[in-house]
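Participant: Sequence:
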Amino acid sequence: SGKVQKLPLILAILGLIVGVVSLRLAVDARNIAKSEVIARTEAQDSGVSVGVHTLYEPPADLEKFIQTIAESVVLVHCGGGTGSGWSNDLELTEGYLGAIVTNHHVIEDCIDHPEDLYVEYELVAGGGLEKFDAAIYNYDAENDLALLDVKVAVPPMTTASKFSLPGQWSMTLGYPGGWDKLLMHAVTIGNVVAVEDKFYVFTTAVMNPGNSGGPLVDSSGNVIGTNSYGWASTKDGVANVAVDTDVLCVA
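Every position in the sequence shown, counted from 1, becomes a number in the numbering used here once 35 is added.
Derived by calculation from the structure, the hints in this document are not laboratory data. For every residue, glycine included, the Cβ atom is placed at its ideal position computed from N, Cα and C. Among these hints, one or two may not hold up.
Taking lysine-lysine pairs in the DSSO-like style, the calculated list, with each CA pair at most 27 Å apart, reads [to be verified]:
1. Lys197 / Lys233
2. Lys166 / Lys233
3. Lys186 / Lys166
4. Lys99 / Lys166
Derived CB-CB ranges, DEER-like [to be verified]:
5. Glu150 / Leu217: 17 to 25 Å
6. Leu217 / Thr89: 15 to 23 Å
7. Gly212 / Glu126: 14 to 22 Å
8. Asp124 / Lys233: 33 to 41 Å
9. Asp96 / Gly130: 32 to 40 Å
10. Ala229 / Lys186: 18 to 26 Å
11. Glu150 / Val222: 30 to 38 Å
12. Glu150 / Ala229: 18 to 26 Å
Starting from the given sequences, assemble the full structure and let the hints guide the process.
Facilitator: And the structure:
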């Protein structure tokens, strides 16, 4: 009959339709997988931990994150003043074990009195600070940066590969308080407010005296700036400023 004759044709058409749909689904799946690989690669290149957080969110394990950052930060002494400093993976000067980034204003008084400069560092967690010799390698007064050679090996930190963006998570860690009321590994947390001229990172993470020279880090633990200065007044408001790591140059 006519119905029997049409059945193979209908089945053939259905088979063709199923084949086309299956092929389209396979192509879509491959494109989605390719997009995910591209997105993952871009995220890794930007320092974002895929599947854990973005740079706008805090670290997944904040306690461990703070402990890790603290291992790379030292207390800097210069005469009667103190500040903070962070370890950078720079070529070491013969006779020294580490390279520390800090502020020019932290070590300024020791340029003519190098014998008054030294650092303290906690070699063993909970073991207290130990004193180590330090020397000025170079400094940049205009950008308030300085490099120190130190006779202690300090785990180096990684610097961010891209400029910070407004809203991204940020944290300071250092030794505010100085001689009288030293706060060891003190932490303040905030967000990037703005980046001026790509060199000055404004953040809501509070910087107190003694934080100068310490690191401002993003939520991946990358250094996005060296804490430099801040102000607070009813007239000018509140600001906390770090010098972007892109400014760091070795002459």
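Participant: Give a verdict on every hint.
Facilitator: Tested hints:
For the proposed pair Lys197 and Lys233, the alpha carbon gap of about 10 Å is at most 27 Å, so the pair holds. The hinted pair formed by Lys166 and Lys233 fails the criterion: a straight-line CA distance of about 36 Å is larger than 27 Å. For the hint pairing Lys186 with Lys166, the CA-to-CA distance comes to about 10 Å; that is within 27 Å, so the pair holds. Distance restraint check for Lys99 and Lys166: the Cα-Cα separation of roughly 25 Å lies within the 27 Å cut-off, and the hinted pair is therefore satisfied.
The given range of 17 to 25 Å is respected by Glu150 and Leu217, whose C-beta atoms sit roughly 22 Å from each other. Between Leu217 and Thr89 the C-beta distance comes to about 35 Å, which lies outside the given range of 15 to 23 Å. At roughly 33 Å, the beta-carbon separation of Gly212 and Glu126 lies outside the given 14 to 22 Å, and the hint is violated. Between Asp124 and Lys233 the Cβ separation comes to about 22 Å, which falls outside the hinted range of 33 to 41 Å.
Between Asp96 and Gly130 the beta carbon distance is about 38 Å. The supplied range of 32 to 40 Å therefore holds. Checked against the hint of 18 to 26 Å, the pair Ala229 and Lys186 fails, with Cβ atoms roughly 39 Å apart. The hint said 30 to 38 Å for the Cβ distance between Glu150 and Val222, and at roughly 32 Å that hint holds. One distance hint, 18 to 26 Å for the beta-carbon pair Glu150 and Ala229, is violated here, with the actual separation near 41 Å.
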